[in-house]
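There are 2 protein chains.
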Amino acid sequence: MDTTHQISKVEIIPHRIKAGQTRIPNIKNIIAVTSGKGGVGKSTTAINLATSLAQLGIKIGLLDADIYGPSIPILVGERDFKPEVLDKCFVPLEKFGIKIISFGFLIAEKQPAIWRGAIVGKALDQLLYDTQWGELDFLIIDMPPGTGDIHLTMCQKMPITAVIAVTTPQDIALIDVIKSIEMYKKLDIPCLGIIENMSIHICANCGFKEAIFGEMGAEKIAKDYNLEILAKLPLDISIRQSSDEGSPIGFEDTQIAKIYKELSLRIVHQVSLLAKDYSSKIGKINVL
Amino acid sequence: MDTTHQISKVEIIPHRIKAGQTRIPNIKNIIAVTSGKGGVGKSTTAINLATSLAQLGIKIGLLDADIYGPSIPILVGERDFKPEVLDKCFVPLEKFGIKIISFGFLIAEKQPAIWRGAIVGKALDQLLYDTQWGELDFLIIDMPPGTGDIHLTMCQKMPITAVIAVTTPQDIALIDVIKSIEMYKKLDIPCLGIIENMSIHICANCGFKEAIFGEMGAEKIAKDYNLEILAKLPLDISIRQSSDEGSPIGFEDTQIAKIYKELSLRIVHQVSLLAKDYSSKIGKINVL
Chain A
0 MDTTHQISKV
10 EIIPHRIKAG
20 QTRIPNIKNI
30 IAVTSGKGGV
40 GKSTTAINLA
50 TSLAQLGIKI
60 GLLDADIYGP
70 SIPILVGERD
80 FKPEVLDKCF
90 VPLEKFGIKI
100 ISFGFLIAEK
110 QPAIWRGAIV
120 GKALDQLLYD
130 TQWGELDFLI
140 IDMPPGTGDI
150 HLTMCQKMPI
160 TAVIAVTTPQ
170 DIALIDVIKS
180 IEMYKKLDIP
190 CLGIIENMSI
200 HICANCGFKE
210 AIFGEMGAEK
220 IAKDYNLEIL
230 AKLPLDISIR
240 QSSDEGSPIG
250 FEDTQIAKIY
260 KELSLRIVHQ
270 VSLLAKDYSS
280 KIGKINVL
Chain B
0 MDTTHQISKV
10 EIIPHRIKAG
20 QTRIPNIKNI
30 IAVTSGKGGV
40 GKSTTAINLA
50 TSLAQLGIKI
60 GLLDADIYGP
70 SIPILVGERD
80 FKPEVLDKCF
90 VPLEKFGIKI
100 ISFGFLIAEK
110 QPAIWRGAIV
120 GKALDQLLYD
130 TQWGELDFLI
140 IDMPPGTGDI
150 HLTMCQKMPI
160 TAVIAVTTPQ
170 DIALIDVIKS
180 IEMYKKLDIP
190 CLGIIENMSI
200 HICANCGFKE
210 AIFGEMGAEK
220 IAKDYNLEIL
230 AKLPLDISIR
240 QSSDEGSPIG
250 FEDTQIAKIY
260 KELSLRIVHQ
270 VSLLAKDYSS
280 KIGKINVL
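Those protein sequence lines, which keep their order, are chains A and B.
By numbering that gives the first Met the number 0, the letter at position 221 of the first sequence is numbered 220, and the numbering carries on one by one without gaps.
By numbering that gives the first Met the number 0, the letter at position 145 of the second sequence is numbered 144, and the numbering carries on one by one without gaps.
Derived from the structure by calculation, the hints contain no laboratory data.
Be aware that a few hints might be false.
If chains are identical, the list can't say which one is meant, so a pair holds when it fits in one copy or spans any two.
Unchecked claim - Dumping the calculated SDA-like pairs for lysine to any residue here, alpha-carbon to alpha-carbon at most 20 Å:
#1 LYS208 x ASP235
#2 LYS222 x GLY133
#3 LYS257 x GLY96
#4 LYS121 x LEU151
#5 LYS219 x ALA107
#6 LYS275 x GLY76
Start from the sequences, fold in the hints, and give me the full structure.
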């Protein structure tokens, strides 16, 4: 393992959430991983980021909120896990140093979740508030793609500290991630930056680099919205293989794992720059 | 152009829709292109299929129903098109021999559509019923990904003849397309078959074939659900390039275009095997 990425002790403090919202006791910060478009690697990013953060000694939870297509159970190799219920609360899966809960643990794998928006909102509430998270520095939420009902409900109700936007360099993905960035801006939730997935393919045979999904897409958005590019991940067969095998590549000792490690350090840094949460110290102020 | 794919005249007849639904006058068949997961190439399939069908002399309309991430305006190179309104109806864009309407034509490109489910349903109704389609053999609907609210509303209200399922070979895409197939089965709407996108990457430099997103995924589902594999499209930079350039590759004279042409012939064949719609001949039967 590259020791330059080792830091002796990371102390994470709670940061400011939207006015009117209440922080969940024991959860210092909630980070939502979002994308406008599906299939850009949002869940892969969420699990690998969580794994890398856990390796830094940070207390991590992961909530898979993609009700219509929960991918986390496959990505962690636990398609058949069913959480115990203790004191009316779900006991999360603990794997790779992460506490994990997913819609996918609660529904049959092949059944479509043909649920109306209001029910989804309630189910999400339950997963967030009725899971025995214990003490968490970060709870990472793997958001559903898009900017619809579920997002509105989640952002209005859940005390999200900040979001991370995931995209590929392709125009039709970029246009959707811009929508997502605009939505969080309107909802007054800060964006930590952009992660570009599938940015280049390197031929396993000859090493030829091909920008299958285009080039310089994330740079343009980063410039337009004054955001940082947090990481660029190549279109690499090993990422997909480790995903399908349920063993996050962030947990291994490879070039790709290094990118995720650097990403996790950058996230810790970006979060540390956010305004602190003094609410517990100054109490609640009532405007009369 | 390969003349073996030319057919002198294709006569398309209306096929049966779900009991209780009413066929839209002038629209013989509605084909929904669906996927469980986003980013698998659903919109790319919809536009290229529409283009290839139009080249067979079939009267084609395309409705981009992906309210939260409409990609069709980019794919046809008309990001700034605004439809005229005539007699309280939208006049669709006519391009590549297709009549096209999209949510993307009606909203500002960068604005997120933070709309609740009920409003989306009404907006969709309007796009379907209040567009001057003229006479159509097929109206292709580019569905939003997932199996949520919008799908329920659409499938209950809209007289869909059949669906086509699009996926990549990757496990986390397959699991979602299975959900979608199960949903349409429950809703009693026939599935014409599966299209596998990004099935193999061929290095532009050395020709090395790499199954970046896995292998044999569609075959397994096809077998399990007794469905046909309608086409397999490679992960090819030319498809993405033509997509971002707004010029469907199905319109060109390439190896990829040939696959789409064969796909369109297969679709015509599969539709012809469906039960006919005799409702106009026997009138409405009221059960007393």
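#### Entry: Violated hints, by number in ascending order, as checked against the structure
2, 6
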